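Undergrad: Top line first, the protein sequences correspond to chains H and Z. Quick note on numbering: my numbering labels position 87 of the first sequence as 87, and the sequence is numbered without any gaps. Here my numbering = 1-based position in the second sequence + 129.
Residues on chain H that point at chain Z, a partial pick, calculated with CB under 8 Å: (1) 48; (2) 88; (3) 122.
Calculated from the structure, these hints are not laboratory results. Please read all numbers here as calculations on a predicted model, not as lab measurements. Each residue gets a CB set at the ideal place from its N, CA and C atoms; glycine is no exception.
2 protein chains.
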Amino acid sequence: MSTHPRTFEFRPIGVVHTPFDDSDEAPRQGGSEADRGTVVLAEEYTAGIVGLEPGTELDVIWVADRADRDVLEARGRGVFTTRSPARPNPICVTRCTVRAISDDRRRIDLVGVDMLDESPVLDLKAPIH
Amino acid sequence: MSTHPRTFEFRPIGVVHTPFDDSDEAPRQGGSEADRGTVVLAEEYTAGIVGLEPGTELDVIWVADRADRDVLEARGRGVFTTRSPARPNPICVTRCTVRAISDDRRRIDLVGVDMLDESPVLDLKAPIH
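Same shape as in the complex, but just chain H (with noise of 0.2 Å):
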């Protein structure tokens, strides 16, 4: 047996708030200029963003929540070969550039959104180039 039988569970850092209720609004891809929302961390991790500068870019790693996680192909592809939200592990990746950050360290503004409102968020990462 080559792979994992166990699962991993994950608690989110936090939670991205978007103008974006459901599917049909959100933009396919991150990217837009246009489109802004707010990561808002637990309390508990705001240390994990010191020496995070406005104006970088970041990697937004969140939870598609809302998505079916029994897809495994759609229109002839596999999931695994495109981006799409449902897919068995929906974990999504956005890459956003960051407006503004409160003097508490609990809110990151972004520009570049494509979640559903109130997504959670795992992790933030800088992008490699």
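On the provided structure of chain H, position chain Z as indicated by the hints.
TA: Same frame as chain H, now just chain Z:
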């Protein structure tokens, strides 16, 4: 309360075999032609790579299952401004290139790996360019 109290559970779709047995051996980031590895998919997920072509890039979403999950800052920087595997939810993203795919779609040979051997794989995605 604007953060999600619930946790999310993910079951690996497979595992990645690489030459790296500990983090001193693994490259800091992927992308090197010299670093070859293989994702072995669990049989029930092979339909998810229909249409995947050798020569294309693929983002591998994997768990750094041996990383320290209690780190928030290192060398004066928050972990969310880095790509270190040590972070509360050690979900990593490595951009690889597909070399070959086995006929049964179980094995995807890759270049550019940086994972430790036997790391669990949660997802595969087409990169955004």
